[in-house]
Amino acid sequence: MPDTQFILITGRSTKQGKSVHLGKEAQEYRDEVSTLQMNLKDIEALGLQDGVQARVKSNYGSIVVTLKKTDIPQGIVFIPYGELSNALIGPDTQATGMPDSKGITVEVERHG
Amino acid sequence: MAENVAVKEPAVKEPYVMTGVVCPYCGVTCDDLEVRVENGKITEVKNACVLGKDTFLHHLEGLSTPRLYGKPATVDECIDAASEILAKAKYPLIYGLDSTELGAQRKSIELAELIGANIDHTSSVCHAPSYQAVMTVGIPTCTSGETKNRADLVIFWGCNPAEAHPRHATRYSVTVKGMFTPKGKKDRMVIQVDVRPTPTTRIADAFIQMKPNSDYEVISALRALVKGHELQQAEVGGIPVDELKALVEKMKSAKFGIVYWGMGLTQTRGKYMNLVALLKLAQDLNQFTKFSCAAMRGHGNVVGMAQVLTWQTGFPFHVNMSRGYPRFNPGEFSVVDMLARKEVDAALVIAGDAIGNFPGSLAEHLKSIPLIAIDPKESDTTRVADIVIPSAQGAIAAGGMAYRMDHIPLMFKKVVDSPYPSDREILERIIAKIKAIKSRGNGAPAPVGKG
Ligand code: SF4
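Taken in order, these protein sequences are the chains called D and C.
Under my numbering, the first residue of the first sequence is numbered 1, with each subsequent residue one higher.
Under my numbering, the first residue of the second sequence is numbered 1, with each subsequent residue one higher.
Where hints are given, some of them may not hold.
[As the list claims (entries may be wrong)] Only part of the chain C face toward chain D is listed, based on derived beta-carbon distances under 8 Å:
(1) Val125
(2) Ala128
(3) Arg196
(4) Thr266
(5) Thr268
(6) Arg269
(7) Gly360
(8) Val416
[Unchecked claim] Some residues of chain D that are not near chain C, with every Cβ distance over 12 Å (derived):
(9) Asp3
(10) Asp31
(11) Gln37
(12) Thr70
(13) Glu107
[Said to hold, decoys possible] Taking lysine to any residue and the SDA-like style, the derived pairs with C-alpha atoms no more than 25 Å apart in a straight line are:
(14) D:Lys57 to C:Arg341
(15) C:Lys211 to D:Gln37
(16) C:Lys211 to D:Thr105
(17) D:Lys68 to C:Lys211
(18) C:Lys211 to D:Thr14
(19) C:Lys186 to C:Leu231
(20) D:Lys15 to C:Gly356
(21) D:Lys24 to C:Pro370
Derived by calculation from the structure, the hints in this document are not laboratory data.
Given the structure is predicted, the values throughout are model-derived calculations rather than measurements.
Glycine is no exception: its CB is placed at the ideal position from the N, C-alpha and C atoms.
This is chain D alone, in the form it adopts within the complex (with noise of 0.2 Å):
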C-alpha cells in the first residue's frame, strides 16, 4: 500500500457516546467525531504533527480532522462514529444489508 494509505476503523468511544447527550452541536462533540488517532510513526512519515489538521479522503468522501498520537499499530487510523466518519461510507453492501464501516481504505494528506 503506498505510504499515504490507511486502513479507516470507526466505531464508538466513550467520550463520543456521553457527549452526544449533550447535543450534536456541543464543542465537545464535534471535537470527538473529528478526532483520527493515529501512530505518530506514521503521522511524522507523511511530515505532519500530533494536533494538526489532515484531509482524509476515501472512494466516497473526504473530510477535514484532527490528527491524534496514540498507541495504534501503524497503518490503521481510527476515527469515531459520526457524521464525518459517515461522510468515508459507501452505502455499498455487497447485498447483505451492512455498509462497510471498518476497515476500508483511505487517504491521509496534509490540509491546506
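Use these hints to put chain C with the ligand onto chain D, whose structure you have.
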C-alpha cells in the same frame, strides 16, 4: 402491555427516588439504577455508568419540538400530516425503533402492514450479519447470568466493552463474582482479540492483535487447529501460529468458555461469513468443553425489535410488506440498499437516528423525500425532517418492555412525566387516522398509492 407500568405517580412537586430503574442506553440494560427526581427533573442517578448517568441527567436537554415543514405546529397537526403522507406513499419505509419499548415496536409493524411498508431497524447497520449467521448455522449461547456464574474463559472479539458497554465487565464478564467463579477476576481468563489496543485491553489478561479484515482467516485457522490439523503457515492474519495454538489450548481446557463479538466482525470484510465461522468454532469447541458465544448488542432495545419482528413476521429485520405478507431479503429490503437505489418515496424514522448513522450519500435521498421523524430529542434526522413529532422518551418518560442483549425481557419504568405522547400512542393515532383516510367515502380500502 400497559403503558404506565406499575409505578407510583408521586405528586409532581415532591422529590422522589425510584429504585430498580432500567437503563435504556446500551445492551447491558442495567436494572439496578436509583434515580432521584425533583420538580420533574432527574437530579441524581446511582449505580449507572457515565453513559447511563448522562442519559438520565440530560433528559431535558436537546428536546425536539413539533414542527411541520420547519414551522411550529401542534402534535395533532403533525400526526394528521404524517398520516396523509404515509397513506399516499407507494413504497414507504419505517426505520429506527431501537430506543423504544415493545408496545411501540409492535405498533410499528401493524402500521407497516397497513400501508405495505418496508420495515427495518438499527440492527440493519450493526448486528444484522450476526443474525444472518445465526439463521445459517445456529448458535450455542447462554444468558449473561450464566457467564457471570460459570465462565472461566471470556474472549472479547472485535468489541470494546470498556467504552461501549461499560458495566458488562463488572456485572457479567470480568470482575463479577459468580456461583462457580467466587473469586471474580481471579477465576477468569479474559482475552481480547482486535486490530488495535483499546481501553478493553486494560481489563484483559491477554491481547491478541490481528491485521484488519482477516477475521475469517484467523477463525478458520483456529477451527483447523481445534480439529487437530497442522498449519503450513508461520502466521495467519498477522498472528503467529504458536499464539493461535496457545489460544486453542486455552479454549479447549476451559470449563466454560464464551466469545463475545462486536461490530469488528459484522462491519468488516466477510460480514456474516465471519460470524458463520465464529459460530462454527464455538460449535466445534463443544466437542471438548462447554462453549458459548453472544453478540454485544448496542442500543438499549434493539434486540426487542428483532424479537417482535421475528414473532410477528418470521424475520428479524429487512422486512417488506408491499404484497400484504412479509418478505425478507438482505440486499433488497435492507434499508441501506433501498436508500442507495432511491426506491423509497416516504420515510418514517422513529426512536432512532437514520441520518446520523448512515453512509453520507444515503442522507441525500432521505432529505429528498417526505421524511417524518418521531423522536424525543433533536437529532440529525429531526433537523432535516419535514414533520417532527416529539415523543415521551422510552425508559425515562414512557414505560414498557425491553430486551437485554441476551434476550432477557426487562421492564422500562416511567420515571418522569412528559408533555408529549409515547411512541406507541403516536403510532396508534397514525394507524387510526390512516384507516380513516383509506376508508373515506364507501368504506372500501383505497387502491394502493391513491390514499
Ligand atoms: S452499562 Fe449500559 S445499561 Fe448499564 S448503566 Fe451503562 S449505559 Fe446504562
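These are the hints, each one checked on the structure:
1. Because the closest C-beta pair between Val125 of chain C and chain D is about 7 Å apart, less than 8 Å, the hint holds.
2. This hint holds: Ala128 of chain C has a C-beta 5 Å from the nearest C-beta of chain D, less than the 8 Å allowed.
3. With its C-beta approaching chain D no nearer than about 5 Å, Arg196 of chain C sits inside the 8 Å limit, and its interface hint holds.
4. Below 8 Å, beta-carbon pairs count as interface contacts, and Thr266 of chain C has one with chain D at about 6 Å; its hint therefore holds.
5. For Thr268 of chain C, the interface hint holds, the least distance from its beta-carbon to any beta-carbon of chain D being 4 Å, beneath 8 Å.
6. For Arg269 of chain C, the shortest C-beta to C-beta distance to chain D is roughly 6 Å, which falls under 8 Å, so the interface hint holds.
7. The beta carbon of Gly360 of chain C is positioned within 8 Å of a beta carbon in chain D (closest approach about 4 Å), and the interface hint is therefore held.
8. Hint on Val416 of chain C is violated. Least Cβ distance to chain D is approximately 16 Å, over the 8 Å limit.
9. Remark: the non-interface label on Asp3 of chain D is consistent with the geometry, its nearest Cβ contact in chain C lying 17 Å away (cut-off 12 Å).
10. The Cβ of Asp31 of chain D sits about 17 Å from the closest Cβ of chain C, beyond the 12 Å cut-off, so the non-interface label holds.
11. For Gln37 of chain D, the requirement that its beta carbon stay farther than 12 Å from each beta carbon of chain C is not met, with the minimum near 8 Å.
12. Here Thr70 of chain D does not stay apart from chain C, with its beta-carbon only about 8 Å from theirs, under the 12 Å limit.
13. With a cut of 12 Å on Cβ distances, Glu107 of chain D stays outside the contact zone with chain C, its closest approach being about 16 Å.
14. For the given pair, Lys57 of chain D sits about 23 Å from Arg341 of chain C by alpha-carbon distance, which is consistent with the 25 Å threshold.
15. Distance hint between Lys211 of chain C and Gln37 of chain D is fulfilled; the C-alpha atoms sit about 17 Å from each other, no more than 25 Å.
16. With a C-alpha separation of about 13 Å, the suggested pair Lys211 of chain C and Thr105 of chain D falls inside the 25 Å cut-off, and the hint holds.
17. For the suggested pair Lys68 of chain D and Lys211 of chain C, the alpha carbons sit about 21 Å apart, so the restraint of at most 25 Å is met.
18. The straight-line distance between the Cα atoms of Lys211 of chain C and Thr14 of chain D is roughly 24 Å, inside the 25 Å bound, and the hint therefore holds.
19. The hinted pair formed by Lys186 of chain C and Leu231 of chain C fails the criterion: a straight-line CA distance of about 33 Å is larger than 25 Å.
20. Taken as a hint, the Lys15 of chain D and Gly356 of chain C pair is honoured in the structure, with Cα atoms around 17 Å apart against an allowance of 25 Å.
21. With a C-alpha separation of about 23 Å, the suggested pair Lys24 of chain D and Pro370 of chain C falls inside the 25 Å cut-off, and the hint holds.
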